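Take the given structure of chain A and dock chain B to it, following the hints.
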Amino acid sequence: MSLLAVKLRRDLRASWSRFALMVLAIAVSLTVFGGVLLAWATIGRETENAYLGTEPASATIVLDEPVPAEQMADLVTQARESPGVLQAIGRTQFSTEVQVDGRTLDVPMLVFAAAPDDPMRMVRFDARREGSWPPASGEILLRGDSLDLLGVNVGDTMTIKTPSGQSLSVRVRDTVYDPSLAPSPQEQRAYGYLSTASLGSPVMLDQLKIQASAPGGTEPSRERATVASVAGEVGDRLQRDRGLTVEEIQVPRPYAHPHQWQADVFLLSLLAGGAAALLLSTILVANMLNTLFTRQIPQIGIMKAIGAGSGRIGRFYLVMTLLVAAAATLLALGPAIGVGRLLSGLLDMLGVQAASLTAPWWTYAVIVAVGLALPSLMALWPLIRTSRTTVRAAIDHHGGGTRPGKATGVLARIGGIDRLDRDLVMALRNTVRRPARFWLSVGLLACAGTVFVAGMSLNSGTQAVDEQRKSQRTWDVEVALADPAATEAVTKAVSRVPGVTRVQAWQRTPTSVAATGRLPFTRTYPDQGHGSVAINTVQTGRSPSKLLEGRWLKPGETRAIVLNQITRDNSVPDLGAGDDVRLFLDGKPTTWRIVGIIEEREAGGGGVYATAEGLAQATGRLQQVNQLRVFTDGHDEQTRKDVAERINTALAASGVTVKSAASISRSDAASSGHLGPVLAVLLGVALPLGVVGAIGLASTMSANVLDRTREFGVMHALGARPSAVRRIVVTEGIILALTSCIVAAVPALALTALLGDGLGELFQNAPLPYRISAPAVAIWVGLAVLGSALATDAAATRASRITVREALAYL
Amino acid sequence: MKKSISVSDVVKDYPTAGEGFLALDGLSLEIAEGQFVAIVGRSGSGKTTLLNLLAGIDRPTSGTVRVEGADLASLAETELAAWRGRNVGLVFQFFQLLPTLTVVENVMLAMDFVGKVPTGERRGRARELLERVGIGDQAGKLPATLSGGQQQRAAIARALANDPPLLLADEPTGNLDSATADAVLALFGELNDEGRTIVVVTHERDIRSVVGREIRLVDGKVVADTGAGVAS
Chain A
1 MSLLAVKLRR
11 DLRASWSRFA
21 LMVLAIAVSL
31 TVFGGVLLAW
41 ATIGRETENA
51 YLGTEPASAT
61 IVLDEPVPAE
71 QMADLVTQAR
81 ESPGVLQAIG
91 RTQFSTEVQV
101 DGRTLDVPML
111 VFAAAPDDPM
121 RMVRFDARRE
131 GSWPPASGEI
141 LLRGDSLDLL
151 GVNVGDTMTI
161 KTPSGQSLSV
171 RVRDTVYDPS
181 LAPSPQEQRA
191 YGYLSTASLG
201 SPVMLDQLKI
211 QASAPGGTEP
221 SRERATVASV
231 AGEVGDRLQR
241 DRGLTVEEIQ
251 VPRPYAHPHQ
261 WQADVFLLSL
271 LAGGAAALLL
281 STILVANMLN
291 TLFTRQIPQI
301 GIMKAIGAGS
311 GRIGRFYLVM
321 TLLVAAAATL
331 LALGPAIGVG
341 RLLSGLLDML
351 GVQAASLTAP
361 WWTYAVIVAV
371 GLALPSLMAL
381 WPLIRTSRTT
391 VRAAIDHHGG
401 GTRPGKATGV
411 LARIGGIDRL
421 DRDLVMALRN
431 TVRRPARFWL
441 SVGLLACAGT
451 VFVAGMSLNS
461 GTQAVDEQRK
471 SQRTWDVEVA
481 LADPAATEAV
491 TKAVSRVPGV
501 TRVQAWQRTP
511 TSVAATGRLP
521 FTRTYPDQGH
531 GSVAINTVQT
541 GRSPSKLLEG
551 RWLKPGETRA
561 IVLNQITRDN
571 SVPDLGAGDD
581 VRLFLDGKPT
591 TWRIVGIIEE
601 REAGGGGVYA
611 TAEGLAQATG
621 RLQQVNQLRV
631 FTDGHDEQTR
641 KDVAERINTA
651 LAASGVTVKS
661 AASISRSDAA
671 SSGHLGPVLA
681 VLLGVALPLG
691 VVGAIGLAST
701 MSANVLDRTR
711 EFGVMHALGA
721 RPSAVRRIVV
731 TEGIILALTS
741 CIVAAVPALA
751 LTALLGDGLG
761 ELFQNAPLPY
771 RISAPAVAIW
781 VGLAVLGSAL
791 ATDAAATRAS
801 RITVREALAY
811 L
Chain B
1 MKKSISVSDV
11 VKDYPTAGEG
21 FLALDGLSLE
31 IAEGQFVAIV
41 GRSGSGKTTL
51 LNLLAGIDRP
61 TSGTVRVEGA
71 DLASLAETEL
81 AAWRGRNVGL
91 VFQFFQLLPT
101 LTVVENVMLA
111 MDFVGKVPTG
121 ERRGRARELL
131 ERVGIGDQAG
141 KLPATLSGGQ
151 QQRAAIARAL
161 ANDPPLLLAD
171 EPTGNLDSAT
181 ADAVLALFGE
191 LNDEGRTIVV
201 VTHERDIRSV
211 VGREIRLVDG
221 KVVADTGAGV
231 AS
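Going line by line, the protein sequences match chains A and B. Each residue of the first sequence is one higher than the last, beginning at 1 in my numbering. Each residue of the second sequence is one higher than the last, beginning at 1 in my numbering.
The hints are simulated quantities; they were obtained by calculation from the structure and are not laboratory data. As the structure is a prediction and not an experimental result, all values here were calculated from the model. Honestly, I wouldn't trust all of these hints.
Now the stretches of chain B that chain A is said to cover, found in silico as 3 or more residues with beta-carbon under 8 Å [stated by the list, open to error]:
{"no.": "1", "region": "84-90"}
{"no.": "2", "region": "95-105"}
{"no.": "3", "region": "183-195"}
Ideal Cβ positions, reconstructed from N, Cα and C, are used throughout, including at glycine.
So that you can see chain A by itself, here it is in the shape it has in the complex (with noise of 0.2 Å):
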């Protein structure tokens, strides 16, 4: 073995504990890093096969009237023929309320119908085939997660309502496997399959689904705007040709799963802090490397002495940088791999179920690069510097310097303050004495500090959204109607109800905007649960929810209109209030004016506000309602039951058919869904930039305290006990601490206001309130003096170990 070899392994055998730090800081980081990518790139590709594998539709035209399965045959014959379409089915979905034993479930069902012969060529139902499409007459198939969300098994029977409003015995023959909709925990929403057989005759379908492709091509396109001139291309021939109408084009994400953006915001979030957290901790390595360099200078200069060049020096070193960067991706592979399996489960989130787990190769070669390449980069400028010492220079370096710096000079000031505790102060100006090695140690644990705080901070932020939203949120029950009904006779009948102490009535009926002239385009997906839109009429008198544009309803005004800002971004995103726009109700074009646009953070309520007024004078009909709000004298989950089970009732008894009537905590779980992996991503970034701090803090105590062997001897030899220097070396560490908090104060502020704007914006369409949590502010201050004293307890007890021989006799 050659003799810088055996150098080498004794080197790294004497500095053993710095060499296992530096292996640990980078495994933390690249165990996040590389966990997050495997985890990524394997949900990608997961959630691209599983949604690819049902070949959804590029675009779904919805007419307004359903017509006859012989009719959207033809409709069907001459989209095919239409350029850029390479293929298309007729469909049909509705939404309805599910009974079981007679009992109607607070859950609605979403059930997708297609005719028995449908070749389910594209937007298959069931993806894995494990449901055998067709289901017989009278019998349904259900997505494998509405079994528990309704509390059915295979076999049940339950009852639903046809869109022509006839209730309909069906037997739950089987589940499907169809990753092509949000799960239904998350959309508190059941899926079922029908063939269009159950459904009676004559078969009724309204919507003609295609794949689009750009001019000439084979493949379904990824560009929106291709499918959109595609379909509406397809759209105005239907109108043109045929007479219908279409009343509105859903162009959702080319092959996106529809919650695919959030596991993608996750991961990259997750991948970002965890390349950040990398990065700091290589930088940590390399001034811990250069450390060591540098107390290597002498033994560079004897080597030179006797005959070694800089390139072989710098080859030594190099060796010795790539040992550490390859111990510590070795050891970060193996829980990498267990982080990424974790991560995977998100693909629950997405309803997908995964055909492997195992990450493509390329994720593995990019972790061996980034943890080889990454650490000897940032170590390559200190290796060569050092490497490159002159024999002359080797023999004039003697370790750390004696000359105090200009911040030490400053704190020397402080020492005219006789009421300060000596000890404090020689801590105090030696904390500074290094100023490199303090302001890396102090931003390393800044920067841990600052994500730790933001993150609690944007969690406060998402309970205030709840807490308001909680607030806002003052009635118990949730009544739908199937069809508008008379204000007065509904109200009067809901109020007569048992428990009932208030009743609030609106009309809420399903539109489409569309600029002027055009058809109109959503990006509604087919769970219709991700951009639905419909307009609501409202009090007027003050705005519900902040202001963005324009001005809020005034009291009777017709042919005008408040938008919120999710529905005019998903339509037409270029306007404003002043703008006229087209609104199609009942697959008829009204005109209105958009006077205001207000921020919402769920989709969910319709996005459209008109007066009862302006909606009765478009549709030509009388001022009705079909939704209401009621307040209950309890408000326990018990009572809100009961009084939905008795309103249910009471309006069927009065005529009046209900669509659902339930507690409004089911709406309370849908919002919340969305929300919760914000906080874990961030804690999951400050955990591994804790570790990589408190490395980053020993590390400067153990150099600290070796650069100053000769003074902790001095100072034994004045009379100073061993209990007093390591009190002086722990108060060091502490000061460094606290330092690292306060310079964390003003990026926490500014982390949080930019995450919760981003996040927020993601999330939940407006920027999170701005909250900075107390509670996180003192945890971390907490954390980070405990941490400290824990992390220079070593360098503190070799401080109050050393002999005044050993350092006298230390070079």
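Chain B only, in chain A's frame:
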């Protein structure tokens, strides 16, 4: 006789915050092959600076330094390292052995760097050299476990590893007791007897009895030279 060292009109100026410090002031001297020369003087007289120039560790502000046939100014750092390994053996006051290598490995490392001695012969030669300087039994130990005198002997063995024609020693006895110092100087005498040129920088006053020539420096100038141009 052939010249081992030729220093001509060398000035070495160290810039400092004030006026600068003139370590060597137009110094010239020549040393023939096989001479055993002591450079003496008080602290600050320029003797260590001169030794550093001779070893190619430092470069003069002006003037030329030729050692073992090479004009040191013309060599780059890496070339200097290779030249030094082949031509010069260096001995320091504080021994400067690598702490994590054993004594024999320290000697072999010098051979590894230069590559002059065939690989298979290195360990044997290192042991021979250690035997020769009287510490053969310490070969497998780490430097920290040896006495000062033993460490200096190990350093001398290392300096001889590549059989250099010139030995340069900076205060080689400065950190040793008088008996050990005498023994080390005697060893240098033996090496000189083999024909090796030896230059020792020292402040020892009684070295004259051991060396063949003594050059005294004061303020960077030669003020006395007992045997200029005379071989020992």
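Hints versus structure:
no. : hint    : verdict
1   : 84-90   : holds (count 4)
2   : 95-105  : holds (count 7)
3   : 183-195 : violated (count 0)
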